[in-house]
Structures are given as C-alpha cells and as structure tokens.
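These are the residues of each chain, in order.
There are 2 protein chains.
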Amino acid sequence: MSADGLRAVDGLARSLARPLAVVGREPTDETIARVFLGAIAEPGDGTMGNAIEALGAARVARLVHERASTGAFAEALAESGIVVEARVLAAAVERWLPRIDDAALVRSVEQAGRVGARLLLPSDDSWPVALDDLGAHAPLALWVRGDVGLLARARRTIALVGARAATGYGEHVAVESAAGLSDRGFTIVSGGAYGIDGAAHRATLRAGGSTVAFLAGGVDRFYPAGHEQLLSRIVETGAVVSELPCGQAPTKWRFLSRNRLIAASTAATVVLEAGYRSGSLNTAGHASELGRPLGAVPGPVTSPASAGCHRLLREFDAVCVTDAGQMAELALGTSFDGDLLDGFEASTAATAEGLRVLDALSARATRPVDDVARRAGLDPRTVRSVLGSLEAEGRAKRGFDGWVSVRRAT
Amino acid sequence: MSADGLRAVDGLARSLARPLAVVGREPTDETIARVFLGAIAEPGDGTMGNAIEALGAARVARLVHERASTGAFAEALAESGIVVEARVLAAAVERWLPRIDDAALVRSVEQAGRVGARLLLPSDDSWPVALDDLGAHAPLALWVRGDVGLLARARRTIALVGARAATGYGEHVAVESAAGLSDRGFTIVSGGAYGIDGAAHRATLRAGGSTVAFLAGGVDRFYPAGHEQLLSRIVETGAVVSELPCGQAPTKWRFLSRNRLIAASTAATVVLEAGYRSGSLNTAGHASELGRPLGAVPGPVTSPASAGCHRLLREFDAVCVTDAGQMAELALGTSFDGDLLDGFEASTAATAEGLRVLDALSARATRPVDDVARRAGLDPRTVRSVLGSLEAEGRAKRGFDGWVSVRRAT
Chain Z
9 MSADGLRAVD
19 GLARSLARPL
29 AVVGREPTDE
39 TIARVFLGAI
49 AEPGDGTMGN
59 AIEALGAARV
69 ARLVHERAST
79 GAFAEALAES
89 GIVVEARVLA
99 AAVERWLPRI
109 DDAALVRSVE
119 QAGRVGARLL
129 LPSDDSWPVA
139 LDDLGAHAPL
149 ALWVRGDVGL
159 LARARRTIAL
169 VGARAATGYG
179 EHVAVESAAG
189 LSDRGFTIVS
199 GGAYGIDGAA
209 HRATLRAGGS
219 TVAFLAGGVD
229 RFYPAGHEQL
239 LSRIVETGAV
249 VSELPCGQAP
259 TKWRFLSRNR
269 LIAASTAATV
279 VLEAGYRSGS
289 LNTAGHASEL
299 GRPLGAVPGP
309 VTSPASAGCH
319 RLLREFDAVC
329 VTDAGQMAEL
339 ALGTSFDGDL
349 LDGFEASTAA
359 TAEGLRVLDA
369 LSARATRPVD
379 DVARRAGLDP
389 RTVRSVLGSL
399 EAEGRAKRGF
409 DGWVSVRRAT
Chain E
9 MSADGLRAVD
19 GLARSLARPL
29 AVVGREPTDE
39 TIARVFLGAI
49 AEPGDGTMGN
59 AIEALGAARV
69 ARLVHERAST
79 GAFAEALAES
89 GIVVEARVLA
99 AAVERWLPRI
109 DDAALVRSVE
119 QAGRVGARLL
129 LPSDDSWPVA
139 LDDLGAHAPL
149 ALWVRGDVGL
159 LARARRTIAL
169 VGARAATGYG
179 EHVAVESAAG
189 LSDRGFTIVS
199 GGAYGIDGAA
209 HRATLRAGGS
219 TVAFLAGGVD
229 RFYPAGHEQL
239 LSRIVETGAV
249 VSELPCGQAP
259 TKWRFLSRNR
269 LIAASTAATV
279 VLEAGYRSGS
289 LNTAGHASEL
299 GRPLGAVPGP
309 VTSPASAGCH
319 RLLREFDAVC
329 VTDAGQMAEL
339 ALGTSFDGDL
349 LDGFEASTAA
359 TAEGLRVLDA
369 LSARATRPVD
379 DVARRAGLDP
389 RTVRSVLGSL
399 EAEGRAKRGF
409 DGWVSVRRAT
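One line per chain: the protein sequences are Z and E, in this order. Residues 9 to 418 in our numbering are what the first sequence spells out, letter by letter. Residues 9 to 418 in our numbering are what the second sequence spells out, letter by letter.
By construction, these hints were calculated from the structure, which means they are not laboratory data. The model shown is predicted, which means the values in this text are computed figures rather than measured ones. The beta carbon of each residue, even a glycine, is placed where N, CA and C say it ideally should be. It is possible that some hints are incorrect.
Stated by the list, open to error - Computed cross-link-like contacts, EDC-like style, restricted to lysine to aspartate or glutamate with a CA-CA straight-line distance of at most 20 angstroms:
#, chain 1, residue 1, chain 2, residue 2
1, Z, K260, E, D387
2, E, K260, Z, D387
3, Z, K405, Z, D367
4, E, K260, Z, D379
5, Z, K405, Z, D378
6, E, K405, E, D367
7, Z, K260, E, E401
8, Z, K405, Z, D379
9, Z, K260, E, E399
10, E, K405, E, D379
11, E, K260, Z, D367
12, Z, K260, E, E361
13, E, K405, E, D378
14, E, K260, Z, E401
15, Z, K260, E, D379
16, E, K405, E, E361
17, E, K260, Z, E399
18, Z, K260, E, D367
19, E, K260, Z, E361
20, Z, K405, Z, E361
Stated by the list, open to error - Computed Cβ-Cβ distance ranges for the label pairs, DEER-style:
#, chain 1, residue 1, chain 2, residue 2, range
21, E, R214, Z, E236, 50 to 58 angstroms
22, E, P232, Z, D191, 38 to 46 angstroms
23, Z, D191, E, Y284, 20 to 28 angstroms
24, Z, G396, E, R164, 42 to 50 angstroms
Extracted from the complex, chain Z is given alone in its bound form (with noise of 0.2 angstroms):
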C-alpha cells in the first residue's frame, strides 16, 4: 500500500496494531485491508474480488474506508484498465459502505485472539493455494484455530460431506470412509454439521487422522452447539477455519458460500449420503465447477436419504464410489479400465471357448476329444489347446481314454 493507502486507514491501523499482534500479525496495509473488506463484503463477492485483483486490496480498503463514490471507484478501475457496469458497481458500493463500523471490527479481531485463532492470507506459505482456483470468488483471507499449516502442508486431501438428516447406512459409510482414507494419509475436510459431516470428523479423529472444519459463521462461536465438543477435538490435531471475522452469525447464504471453500480447498469431494435437496449438493456442484473429481456413494434406492447421490450418480457425472479405496482413487486421479465381455476372470474357464469345452466335458464319463469337440461345437486342434489351458487350471483332467472335467473347489 502506498503511504497515500496508509494515511487513509491510519486511525484503524492503530486500533487494530494490538488486537492483530495477538493473532500473530503485523498491522501492515495488506493485512489491515484484508481484516478490513473480508468484514465488509459477503463470502464469494466478485465484484470485490475483482476490484482487489485491479487496484489491490490495501487501495480497495482506503476507497471504502473514505466512502468513495461509485464514480471514484469507477475512476480507480478505468485507471488499471478495468471497465465494471456502472449498475453492478454502484449495487456494490452500496452493498458496501452501510457495513464500515471501525469499532466492531477491533472488537472482532480482538475476539479472535482470544478464542487463539490465527489470521491467514493469500501471501502466506500457509496459505493453502487451491483456493486460489475461485479466482474472484477466492476468500479474502482465512481464519483458523488449531494447525493454521494443516491443508497447505496436507498431501492428500478429500472433502467428506453429506446430510444432517443421515440414516444409519449413511453414518457406517461416513465412519468407514472417514478411517480409510486417515489410513490412506488424506486430510478429511468437512463441513462441521450434524449427521454425516460429523461422523467423518468423529472417525478422522478415533483413526488419528488429521481433519479440518470450515465454519459458516465465525470461528469464535462453534456451530452447531451441539458440536462444541466435536470442534474443539479438532482444533486440537486438525484445524476448524472461515472466512468470516469473529462475531459473525453462520446464516443461510454462507453455509452455501462456505461450501465452495470445501470444494476448492480438496483435491476431490464425495457426497456420502444426501436427500434429493441436501445442501451437500451444493458442495458437489462448486467441486464439479471447479473441475475437481466429484464422487457418489449410492445407497439403497427406497432410501430417500440416498436420493441426492443418485442424482448426482445420473444427472451430475459423479463417479460411483463404494469404498475408501475408490475414494482415493478418485482423489488421486488413478485410472481404471476393464472390459466386461472378456474381463470377468483371467482364466482359461471364463474364455468363450474354455467354457464351451468345460459345458462339453463331463465330470463321471472320460470324453475323446472328438466328442469334446462335436459337442462343444468347436474344432478338435482348438479343442486340445484349451483342455492344455483347463488342466493347467486343474478344472480338467487327462483319463485313460479321454478327459473329465474336475469340479471347482468352493
């Protein structure tokens, strides 16, 4: 930020220098604009992300701190070469200006040292880089209690989610998935809520398995209350983070903005069990938008539980999962192939000719090959070759004047 930038938040710069050292940060312009505009705008505002892409963030904060009009911000933009309707641009500078309120926000910043979170921004080595891939939308910064490095370090990454109205199947399917992947070394992300996002934080945690919780509302305040424990588990080993300031109440529009951070924040995102209108879909959409792997779990089709997976198995493209395993094939993009004329078994038995010749022979009566052949159907040259195969496989065998065939072990 230029000393221009600086002079204009000066008076908040000093207000927050303190609070802001408690959370592990220096008061510098980048900081304090970030702190400033991700208390302002509402999570995913594009025309916010764009404005700081343009002018940078310490200048966007000055411009909204001095409420500038919709024309200087149309000015400042026109100068970076930006152009941004006139209408969109002025929808959002009066979306802006009534939330400025200096106090609340040392208030805010002030709360979060003391709940011990830590502040993360897009510059820090901790900053986990697959956000970046929401461009406009990205967060504008991250708050976090507990290993604020966890998802920039994380190798393997997969998001877990699904209903709060989760059946039994789908809380077995959350807690087996949830183990195996903490045994695949994946960091499980998930959304905190009750039902299946609960279960496969729970069983992160019994597998010693490191997992993260993104918040709808501020990380000060666990939401659900119920899951106030759950949380505070995580903190501990794994890390609960947002993108909206101490103070801030989750409400419904970001818990669909906070799935977007599920999403991008993963390498793949699997639904475990949804109902047909499950915000969890929501999720599954950001993770399909953004390109990344999406997977399904089915479920018994009379469950209406289940009935968001299926959709997204039919209408949206998702993979078909059944296991940890595929779900870490899914994230680490591991292809398969198969064929399923030819692929069911790599034995002679399960060739066409293998099982002509098998349904030819008999298991009591010793067979020449001609026989073999007549009622197989198929050439006697052929014939031999494939009883070579089947005794190798020891499903025929060689009699004195012919062959039978040996019963399969079971």
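Position chain E against the provided structure of chain Z, taking the given hints into account.
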C-alpha cells in the same frame, strides 16, 4: 434357393415337410436351410453368419450337408468376393460337419410341434428386426412359444435382468420396476432365471403386462425346472423364445450367448441387482457393445449383491436409475438436465439473493429495507426487488415500517 441347392438337401426337405407344417411353415429352401444350420452352429457363430450373408442360407446348408471340403467353402466364398482366413474356415468346417444328424433334426422339429412352438425367420414380418443389429452374430432363426409376434409388435421394450442370488431388496426393486414399466406400456424382456429375472417376469404378469423370456436351451424343456409353471404362464400371454432347436440343453456358453438376444431385442437394458461377477453383467456388456442404453440400479454399498451394479455405474458408464420412470426415460431416450448450483427450486427464496434477504429478515421484528440491505450485504434496490418476489411467494410480508419474514408451512 436354386434347384442346385434344393437337390442337395432334398431328402431332408422331404422328412421335414410334415413337422414344419405343424409349426406353421412351408418347407421352403430358406426355412429348411435355417432350421438345419441352426442345429449345426452354436449360437452367435460369426463364421456361419458371414457365410450366410455372403452365399445365402440355402447354399451354405447345401455345402455343409454335402460335407464340402474347406477348399470348396473357400472357393464358394471367393466367388462372392469374400476372403476368409484359411485357418478360421478350416476350424469352422471342423466344428460344423460332425454335427450333421438329419434324424435328430427331424425329431427336434417334431418335438417343437408337440409343444406348440412356432418357427420365426428373419424374413418374417414378425421377426424382431432389432436382432439384426447383431450382424454376423444374429440368430439364424427363433423358436417361439406363445405370442409369436409380440417382440416385433411391441413399441416399447426393456430388458430387466439381474442375479439369481437376489436379496429381498433386489426382488423388491424388480417387482416395482416391472410393474411400473408395465403400467407405462413396456414389454419386459428377461432370462427366465431364478432371482431377479423371475421376480421381473412375475410382477409383469401380475400387472397384466406382457413379458418375454429368452431361454438358453430348447423351448421344449423349461429351464430352470422350478420355473416350469412361471414359464408356462408367460406362454399364455407373452412369449418364451430360444434360438436353439428343441432337445438342446442349456450350457454355460449358451447362457452367455442368449444374453446377447436379451440386450439386442430391447431398447435398453437395466441391471436391477447383481454381484461383482454376475452373469447379468454380460448382458450389460452386450447392450453396451450394441450402443443400447444401459442402466443400473444402485443398492447399499454394504451389500455384495449390488457390487455388480456399482461396477457398471463406476467403470462402464451405466446410467443410475432408481425407479420405473427413470428406466422408461432411459429406454425412450428422453433427456434431462439440471444445474446443481441454481436448480434446487424455481423460486426467489432459493436464489442467492433471495436466501441472503431471507437471512437478513426477522419473523418477529419488522426491518426497513436499508437495514435488510446492510445485513444481507446487498444494495437496497436489489433488496426491494427481491422482497417483492418473496412477498409474491408468501415468504415475506410488508409491515408498517419495514418487512418481516413469513415462516414456511411444513
């Protein structure tokens, strides 16, 4: 057939005249040739199919019946401009010649007459032309008990298949699917086996629908024995069909080749429940190779009986279908689309801005537009427009000095 062709199978033609009359056919060259060759070649013998395509059934029948040498076959094919690899042709001739047995063939057609079977040939109006998509692997003829024209007449056809080792879940799905598709005017095709096939046939009969069972052996002996009564009931209103002549036993190979008829004769194939190595996956493979739509019904991932269906969804791009309506769509080629991020409900309350305004309203206290705008992080003009729509949807109400939200009736 030329007089030249006729002469060679003259004796056979005389012996077959009366039994053919009983199954409703004139002893034409084509008819006799296809009946004869159908007893010589195993189902789906591509060399036979190609030879008939090149020379006509009558000429191939004459060559086989007079035990022509490989050289004579090669010469005849060469005259028609067809070159078959010598090794392939020699193997085919070695397969075919040992099976010539005129007396057994006459007994087989007599047996067909006794059980009331009819013979169907590709040139008949009642021939299910969809089978011609099998090319060289198409059946030479079909033996039908019941409604001989059913398959050709049916405007809507679908194959419902699955494992013999069905669970209660799988049978429930089969019953619901067959009944729902019958109600939608579909003819249900399956394999007459225990488990899923049987449940589908039975539910169709119960729903007053029409159903076709393709057998892997002659239609004179119903297999499996425990389905004798079921198959007899299918004959009354539907059809039991096989390409194998009467007297021929089902073999493992014939079960697999029978599957291609189930897949080829229908507009789509749906696997309702199948283990990882179920034979019904082979039917699915045929459908897929033929370019017919393939559907699979998911089940609990904890059930090995659904592992084959999940494999189809995962590795073979089967469409996830969860009810009869979706199966009908699959067969009729109806397309569908949706948008995960926007498509939840076609209402303002479900749009991003709608959600944010609803979040910002209170059900108890009225709030002025500016206050709602600040809370929602939206500009007042947008908020006003959204409030108007929410009012129309009954989700928001104008108060004396502002707006309140209206709780949704549940």
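* Which numbered hints are broken by the structure, listed smallest first? -> Those not satisfied: there are none.
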